[in-house]
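K.L.:
Using the sequences and the accompanying hints, generate a full structural model.
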Amino acid sequence: MDRPHRLAQYFAQLMHESGDFRYDREIWGPTPAQQRYDTRTDLGNTPENDGDGFRYRGCTGMQFTGKDNYRQFRNWCRAAGLSCPDFVKDPDAVNTDPWEGLVPLFYWDTRDLNRWADEGDCETVTRKINGGKNGLSDRFDRLARISLVLLGYRADNVLQFQADQRLQVDGDVGPKTRAAMHTALVALTPGEAARPEVKAAPVTEEKPVPVPVTPPSLDAPWWKSKEVITPSVIGGGASLVTAIGGIPWQNLLLILVAFGGIAGFLYWRKNADRKAVAKQVEGMA
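In the working numbering, the protein residues as written are 2 to 286.
Think of the hints as simulated: they come from the structure by calculation, not from any bench.
It is possible that some hints are incorrect.
[To be verified] Under the rule of at most 16 Å between Cα atoms (straight-line distance), these lysine to aspartate or glutamate pairs were calculated in the EDC-like manner: (1) Lys68 to Asp91; (2) Lys200 to Asp119; (3) Lys68 to Asp43; (4) Lys134 to Glu124; (5) Lys90 to Asp69; (6) Lys177 to Asp122; (7) Lys134 to Asp119; (8) Lys177 to Glu124; (9) Lys177 to Glu198; (10) Lys68 to Glu49; (11) Lys200 to Glu120; (12) Lys177 to Asp165; (13) Lys68 to Asp93; (14) Lys177 to Glu193; (15) Lys129 to Asp110; (16) Lys68 to Asp39; (17) Lys68 to Glu27; (18) Lys200 to Asp122; (19) Lys68 to Asp51; (20) Lys68 to Asp87; (21) Lys134 to Asp165; (22) Lys177 to Glu120; (23) Lys90 to Asp51.
P.N.:
Printed below as a string of structure tokens:
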């Protein structure tokens, strides 16, 4: 952790996981997903519904989860000669000083995350911590802001960094800008760039991902579903047939009922006016 490019990756992940250090304990519903943690034997929890999910829920800034992680952290501390509590027997002790600050370092060390930080590979670091890529865009954003500060810029001054690096000055922290930031951070440590373990950050063109079609909510009545009542007639130049074809059948039904109601009211009003006029004429006669 004595190299700026590693610190940038470390704090980007830690700040995302902890919500800018506001949370050191998982908010427990429990949600259906959290209930399944009770029997996650792959995390060291027992196969019985005995409360392991809650007992070994995500804690500290890294939000590490599962009985195995608590056991590994205990063993890691003792191997380092530290007199620590038995975190398996007393899981809440991980959120006390100094253990709370050591957990993220333990996790980073035992997963060999410096290897990927040395390559500027935030995506792989995210997968090693999260198990997937949840919150990747937020982690990218935090990495960029931290990198700019470590490089002597304001956290929001991407434009100046891009201009100094002769990149396209658009304010978008894409893969090329992140790669340039990583290279600049590595250069802050004398001789670091010459190490064979340190490689250039991966530069991959980010292709636009098509927006998936979201089905109507299964939990809410269809008339309250945002996906249903929002018309699919966005953008100019669409023909009437195309527009109608893009509207869900529930919307069409509502439109037809509305038009039918309006037509019926107008017909009734016209007949009422006709009868009123005829009655006036008869009275005059």
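K.L.:
Would you mind marking each hint as holding or not holding in the structure?
P.N.:
These are the hints, each one checked on the structure:
1. Lys68 to Asp91: holds, 11 Å
2. Lys200 to Asp119: At roughly 7 Å apart (the allowed maximum being 16 Å), Asp119 and Lys200 satisfy the hint.
3. Lys68 to Asp43: Given that 16 Å is the threshold and the Cα spacing comes to 10 Å, the pair holds.
4. Lys134 to Glu124: With Cα atoms ~7 Å apart, Lys134 and Glu124 stay inside 16 Å; holds.
5. Lys90 to Asp69: Holds, because 12 Å separates the two Cα atoms, which is no more than 16 Å.
6. Lys177 to Asp122: This hinted pair holds, its Cα atoms lying about 12 Å apart.
7. Lys134 to Asp119: violated, 19 Å
8. Lys177 to Glu124: holds, 14 Å
9. Lys177 to Glu198: With Cα atoms ~20 Å apart, Lys177 and Glu198 exceed 16 Å; violated.
10. Lys68 to Glu49: holds, 14 Å
11. Lys200 to Glu120: holds, 5 Å
12. Lys177 to Asp165: Holds, at about 14 Å.
13. Lys68 to Asp93: holds, 12 Å
14. Lys177 to Glu193: Outside the cut-off at roughly 20 Å; violated.
15. Lys129 to Asp110: The given pair, whose Cα atoms are some 12 Å apart, holds under the 16 Å limit.
16. Lys68 to Asp39: holds, 10 Å
17. Lys68 to Glu27: Holds, at roughly 15 Å.
18. Lys200 to Asp122: It holds: about 10 Å lies between the C-alpha atoms, which stays within 16 Å.
19. Lys68 to Asp51: With Cα atoms ~13 Å apart, Lys68 and Asp51 stay inside 16 Å; holds.
20. Lys68 to Asp87: OK: Lys68 and Asp87 at ~12 Å, within 16 Å.
21. Lys134 to Asp165: violated, 31 Å
22. Lys177 to Glu120: Given pair Lys177, Glu120 holds - Cα atoms ~14 Å apart, limit 16 Å.
23. Lys90 to Asp51: Holds - the C-alpha atoms of Asp51 and Lys90 are around 15 Å apart, at most 16 Å.
Violated hints for the displayed structure, listed by number in ascending order: 7, 9, 14 and 21.
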